[in-house]
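**Student:** Based on the provided sequences and hints, a complete structural model is requested.
Each residue of the sequence shown is one higher than the one before, starting from 28 at the first, in the working numbering.
Treat the hints as calculated values from the structure; they're not laboratory data. Be a bit skeptical, because a hint or two may be false.
What the hints assert, rightly or not - Below, a list of computed lysine to aspartate or glutamate pairs in the DMTMM-like style, where the Cα atoms sit at most 20 Å apart:
(1) K213 <-> D232
(2) K345 <-> D180
(3) K126 <-> D441
(4) K126 <-> D116
(5) K268 <-> D180
(6) K126 <-> E466
(7) K159 <-> D180
(8) K181 <-> E348
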Amino acid sequence: MHLNIDNTKRAVGMGILRLSSFHIGIVISASILLISELLTRSDVPSLTSLQILCVSIYRVVFHPPARYPRPFVAKITDAYAGYHGWIGDVHLDAHQLHKKYGTFVRYGPNRLLVNSVNGLRDIYSHGKNVQKSTTYLPMVPRKNTWSTLTTIDKQHHRFKRGLLRSQLRNQQLEESEPMMLQYIQKLCTKLSEGSTLQEASEPRDMAQWCEFFTVDVMGSFTFGEELGMLESSENHFVMDKLHKYSGMMGVSLQIPSLAKLKLERILGFLTTWTRPQRLWNAWTSAFAARVLNTEPGCAKGIFPHIVAARDRRGNQLKIEELWAEGSFLLLAGFETSATTLAALFFYLAHNPGAYARLEAEIRSTFSNPSEICTGSNLTSCVYLDACINETMRMSPATPGSPLREVLRGGLVVDGQFVPPGIDVGCCIYALHHHPEYFEDPDTFIPERWMEARDENDTNWEERLAR
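**Tutor:** Next comes the structure, spelled out in structure tokens:
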């Protein structure tokens, strides 16, 4: 039986225009299946073109998010988000799109970003009808190595979070303070090295030094390991490799289907991009193995406590999950802390008035560096706290959009109904730079956080931001 491809395309196209969005997906699928049965092998390229055409028309015209403003390419493919993931400016691009289009922006065929406090609450508050999206899958490096960050199943995530919370108590943090103070002293010593005043005053790459510092702290805190990043360059290659890998990971997070297809196993050249992740995995696996092979009570750090942790029913984490949690604590702990510290130094260097006020507060509170530790004196440094808060607003350590998949029954987000299966999220950077919530949002103003809090004012955070 011969089928005229041109007439078929024309008929399908006319049918599309007459159908409701409710039926269009079913009809397109049925049409393609019928055509695939009738076409000969020589017609496969035509069928592929027709599939792409039908899917593209559906995504542009009939898919539920189609009514929201967006860049044209983002209507059809996640490649738009993947490109910005590669160059590392997804948060900046989302911010500009919200400025152009408003509260709702379609950032992919199946992705909707919302830039409002109401949207933030509707998506991320406890008990909402959502779960983590598949964009978390690329961060799962091995089968069944789910960490608290990447676990999608709500019940299992609750179990993991409960075990971690039971171990990450204030007592553990207080006990680790002497270790942190030692690394702070090492950092200060390294930054002031030089035989002359001129050498000691040479510019330093604070982003790099903050990474070395936080990796050392988190290595000791998590595994009890002396990584020596501040004192030796022997392990600095690990950081270099991770930076080179960030572009590929940025793409994978925006196009999770790449991780599902495991393209690095198909395309040989991608192995050079994934090698840093394998190196990091081997590094953290060695740390975890040393703890697991150490006599109980002899290992240092928080990881031995996580190994021994059990819930009320006696359940504990499996071996592969333990490694995932250790890797997560080390990586997430050092990256977020290093980003915030480096950003704080940057804003203080570019705002001499803020620097002078902070210097005066610290020097008037402490007579020498050895006095700086947790306590009432440190708590009294309200301008220091304000500078840290303003830094996290200006340059959040995780500036992107933690996506959530809407579950069966749908979800109302800032007054708009979002059907099941759609990924929704708020871009943290865009929300932090929203002029409706923060006056003069692109200016470093620590004073905005210094107003006393009224516990009876439910809108205190929004009002304070202004």
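**Student:** Each of the hints needs a verdict: does it hold here or not?
**Tutor:** So, going through the hints one by one against the coordinates:
1. K213 <-> D232: Holds: K213 and D232 sit about 16 Å apart, inside 20 Å.
2. K345 <-> D180: Distance of about 16 Å is within 20 Å: holds.
3. K126 <-> D441: Satisfied, since the Cα-Cα distance of roughly 17 Å is no more than 20 Å.
4. K126 <-> D116: 15 Å, holds
5. K268 <-> D180: It is violated: about 31 Å lies between the C-alpha atoms, which goes past 20 Å.
6. K126 <-> E466: Holds: K126 and E466 sit about 15 Å apart, inside 20 Å.
7. K159 <-> D180: Given pair K159, D180 holds - Cα atoms ~8 Å apart, limit 20 Å.
8. K181 <-> E348: 16 Å, holds
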